[in-house]
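*Asks:* Now for the letters of each chain:
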Amino acid sequence: MDRVREDPVRQQMSLAFPTPDHMPCPECGESLPVKGETAHVCDDERRLDYRLVELRPEIDRFDGDLAGWLDTPAGRFARWLAERDRR
Amino acid sequence: MQKHAEGSKRILDEVFGAGNYEVADELIAADAQGHDPALPQPTIGPEGLKEAARGYRGAFPDLTMSIQQVVAEGDSVAIRWTARGTHKGDLFGIAPTGKQGTVTGITIDRWANGKIAESWTNWDTLGLLQQLGAVPAALQTA
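Protein chains in written order, with our numbering: chain A, 1 to 87; chain B, 88 to 229.
Just chain A, same shape as in the assembly (with noise of 0.2 Å):
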């Protein structure tokens, strides 16, 4: 902050950018008044929804990287392999 008060500049984007009302809670995105005086507490499922939202470019690339090993011969061997297994 006090690099804002320094700074004209950034005075000037402090008050072009004001603070909303609400923003959401980093644990799990509910939307929290900024000036709220209630105790917040983050309710699990909602926790659990916004992780793995936030996961969600991680877990794409991890299908994306599977699906391409599973193309491989090692891939297709361990999918011969688990196939069989399950028989």
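FYI, nobody ran anything at the bench for these hints, they're computed from the structure. Treat the numbers as computed from the prediction; the structure is a model and nothing was measured. Honestly, I wouldn't trust all of these hints.
[To be verified] Below are the BS3-like pairs computed for lysine-lysine, each with C-alpha atoms no more than 30 Å apart in a straight line:
1. B/K175 - B/K137
2. B/K96 - A/K35
3. B/K137 - B/K96
4. B/K202 - B/K96
5. B/K175 - B/K96
6. A/K35 - B/K175
Following the hints, put chain B in place on chain A, whose structure we already have.
*Replies:* The following block gives chain B in isolation, referenced to the frame of chain A:
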């Protein structure tokens, strides 16, 4: 005037807040224009409004609308509202964040021949973008 106010509230509550899109057919004139600064061009008629509502509800499937104030005068109705929803679909090119957003807005409807003929909405688009992390909030500029 009371009927107009009830109709304007139904558009927010039922079309945007509950996804009952057919209510637009009942209350929006065929050539009605809807002005929303977040949309590239005015919506036209009930289908245009439905498309806009589907877009917002696609991004925020649990969208709820709460109405704080209604002022009716002559053929116009002004409504001050708050919308809240969880960002689970693309919005303005922003991929789902899972964050819940709360924004306020004001809609003014002009009624003619028993239907909404024109509508102007201003809502806190910047605040929503800040809440979704697409635009820095003031405290984050330091």
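*Asks:* For each hint, tell me whether it holds in the structure or not.
*Replies:* Results of checking the hints against the structure:
no.	hint	verdict
1	B/K175 - B/K137	holds, 19 Å
2	B/K96 - A/K35	holds, 29 Å
3	B/K137 - B/K96	holds, 15 Å
4	B/K202 - B/K96	holds, 13 Å
5	B/K175 - B/K96	holds, 25 Å
6	A/K35 - B/K175	holds, 26 Å
In the structure shown, no violation is registered for any of the earlier numbered hints.
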